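Protein chains: 2
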Amino acid sequence: MLKIIPLEQFPIIKQNDNLAKIILQVLKKNNLELQENDILIVAQSIISRAEGWIIDLKSIEPSKFAIELAKQGNKDPRHVEVILQEAKNICKYRNGVLVTETKHGFVCANSGVDKSNMPGEEIVSLLPLDPDKSAKKIREYIKSRVKRDIAVIISDTHNRPFRLGAINIAIGCSGINPLKSYVEKKDLFGYTLKSSVTSIADQLCSAAGLVMGEADEGKPVILIRGFQ
Amino acid sequence: MLKIIPLEQFPIIKQNDNLAKIILQVLKKNNLELQENDILIVAQSIISRAEGWIIDLKSIEPSKFAIELAKQGNKDPRHVEVILQEAKNICKYRNGVLVTETKHGFVCANSGVDKSNMPGEEIVSLLPLDPDKSAKKIREYIKSRVKRDIAVIISDTHNRPFRLGAINIAIGCSGINPLKSYVEKKDLFGYTLKSSVTSIADQLCSAAGLVMGEADEGKPVILIRGFQ
Chain E
121 MLKIIPLEQF
131 PIIKQNDNLA
141 KIILQVLKKN
151 NLELQENDIL
161 IVAQSIISRA
171 EGWIIDLKSI
181 EPSKFAIELA
191 KQGNKDPRHV
201 EVILQEAKNI
211 CKYRNGVLVT
221 ETKHGFVCAN
231 SGVDKSNMPG
241 EEIVSLLPLD
251 PDKSAKKIRE
261 YIKSRVKRDI
271 AVIISDTHNR
281 PFRLGAINIA
291 IGCSGINPLK
301 SYVEKKDLFG
311 YTLKSSVTSI
321 ADQLCSAAGL
331 VMGEADEGKP
341 VILIRGFQ
Chain G
121 MLKIIPLEQF
131 PIIKQNDNLA
141 KIILQVLKKN
151 NLELQENDIL
161 IVAQSIISRA
171 EGWIIDLKSI
181 EPSKFAIELA
191 KQGNKDPRHV
201 EVILQEAKNI
211 CKYRNGVLVT
221 ETKHGFVCAN
231 SGVDKSNMPG
241 EEIVSLLPLD
251 PDKSAKKIRE
261 YIKSRVKRDI
271 AVIISDTHNR
281 PFRLGAINIA
291 IGCSGINPLK
301 SYVEKKDLFG
311 YTLKSSVTSI
321 ADQLCSAAGL
331 VMGEADEGKP
341 VILIRGFQ
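Sequence order for the protein chains is E and G.
My numbering runs 120 ahead of the 1-based position in the first sequence.
My numbering runs 120 ahead of the 1-based position in the second sequence.
With the rest of the complex left out, here is chain E (with noise of 0.2 Å):
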C-alpha cells in the first residue's frame, strides 16, 4: 500500500527560512518520522520563496514588445515581462495563454510565473534556477540530521497539451531515478516490452497533488510511504 501523507501545520515560508529545518520540525509535530525510502514532495511555490525567486511587480519596466503582447491578451504587462525574462523561447501565444521554454527546457504557460500563494497584491513567483539542487540541499539535510536516505521531489503545477486540466508534475529531484524503464520486461503473457518508460517522478507529484491542492490548504509538503 502507497500511502500519500500531507504534513499539517505548515507555516508560512518567508526568504532565507532554513526549509529543510522546518520540515523536520513539521513532521515532528505530525509525529512522523522518516523512513529509509521516503518520499517528501515539496510544491514550488515555498521553494521559490524560501530561495527569494520571487519578483514584485512595481519593479519591472515592461518593454514595448512585452506591453503589446499584455495588450494582445489583456494581462498585467509587467507580468508578461518577467515571463518573457524567464523564458528561451515563445512557443505559442494565442487567445491570451502565452506557452514559453523555460531556461531549464521546461515547455509551460508563462514560464512558471505565478501570482498564487505569494504574499503581496503584486508579487510573482519564478520558477527555481536549478531545482534539481533545492531537492539535493533538503535531502542531504535531512540526511545529515536524521541519517535518512530519502529522496525530495520539487512539484508544479503545469497545464498539458490535448488535456482539460493541470496536474502535478516534478521540477526537480534528488535520490530518486524520475524515470523508470520497462523496457525488456515480460508482461502478464510473457510479451517483451519494447518502450515502456514511466515518469515516476511525475506520477508522484500527481498523487502528492490529490491532497496539497492549490489555494489556502496549505500543505506544501507530502509524504509518500511504500512506493517501491
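In short, the hints are calculated from the structure, not lab data.
Heads up, some of the hints might be wrong.
[Unchecked claim] Below, simulated SDA-like cross-link-like pairs (lysine to any residue); rule was C-alpha separation at most 20 Å, straight line: (1) E:K305 x G:G333; (2) E:K300 x G:E337; (3) G:K123 x E:N157; (4) E:K123 x G:I125; (5) G:K123 x E:G346; (6) E:K191 x E:I210.
Remember, it's a predicted structure, so these values are computed and weren't measured experimentally.
Knowing the structure of chain E, use the given hints to seat chain G on it.
This is chain G only, laid out in the frame that chain E set:
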C-alpha cells in the same frame, strides 16, 4: 491520508468476464470492504479484454497507405492499419512515432492500440468504445450488490508532448467530476485564483499507476481511499 491500495491475486480477465463481479470477489479475497467515497482505478487493458476490444493482427489486411507508413517507421503494417482505423485524424508521424486523435477525441500515440498485456503473439487491444459507459457499468453493478456509491475511473498509460516518460491518465469515469476548479477560491494570502482547474481524474490514475505497473505485476485494479 490518502491510501493507494492494489488488489492482489487478480485473475487474468477474458472476453465476456463480468469484471464488476470479479472485482467484488477480489476485494473479498483481499479482506477489503468498500466504503463510501472509495475510488476504483481500473486498467484499460482489462476493460478491453473483458469487452472484447481486441484484434488478432492475422485477420488484418493492411492498406497501401498503412504499408507505406509501416515501412518508414519499421512497424508491422497490420498494426499500423488498426491504428489508422481507430484514428479520426493523424496529428504527427515522425521518427516512427504515430500520434493520432482517436474517435473519443484523445490525442495519443498509436490511437491507443497496444500490444502489451494481451494474450497471444499478435493480439492488440483497442481502447474501449465508450470508457465512461464501461466505468458506469462497473459502478452500477457494485452499487446494486454492496450498496456503496463509489467512483470508477478507467486508466491508460499515455506519453506526453515535451515530457519524458509516460504517466497514467483517465480515459473515462463515473461517479466523480474529473475536474476540480479552484476559480474564485482564495490562496494562502487572500488572493483570488482566476484560472486554476485541476484534473483530479488524471492525478488519481497517476497515483494508481505507481502501484499498478506496466509489465507482469498483475494489479489492474487499484483502490484509492481517503480522497476528499
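Given the hinted pair K123 (chain G) and N157 (chain E), is their Cα-Cα distance within 20 Å?
holds, 17 Å
If you draw a straight line from the CA of K191 (chain E) to the CA of I210 (chain E), is it 20 Å or shorter?
Since the Cα atoms of K191 (chain E) and I210 (chain E) sit roughly 17 Å apart, the hinted pair holds (cutoff 20 Å).
Agreement of K123 (chain E) and I125 (chain G) with the hint, judged by alpha carbon distance not exceeding 20 Å
Holds, because 9 Å separates the two Cα atoms, which is no more than 20 Å.
Is K300 (chain E) within 20 Å of E337 (chain G), Cα to Cα?
holds, 14 Å
Is the hinted pair K123 (chain G) and G346 (chain E) satisfied, with a Cα-Cα distance of at most 20 Å?
Judged against 20 Å, a Cα distance of about 10 Å means the pair holds.
For a C-alpha distance cap of 20 Å, please report whether K305 (chain E) and G333 (chain G) respect it.
Given that 20 Å is the threshold and the Cα spacing comes to 11 Å, the pair holds.
The structure fails none of the hints (numbered hints given earlier).
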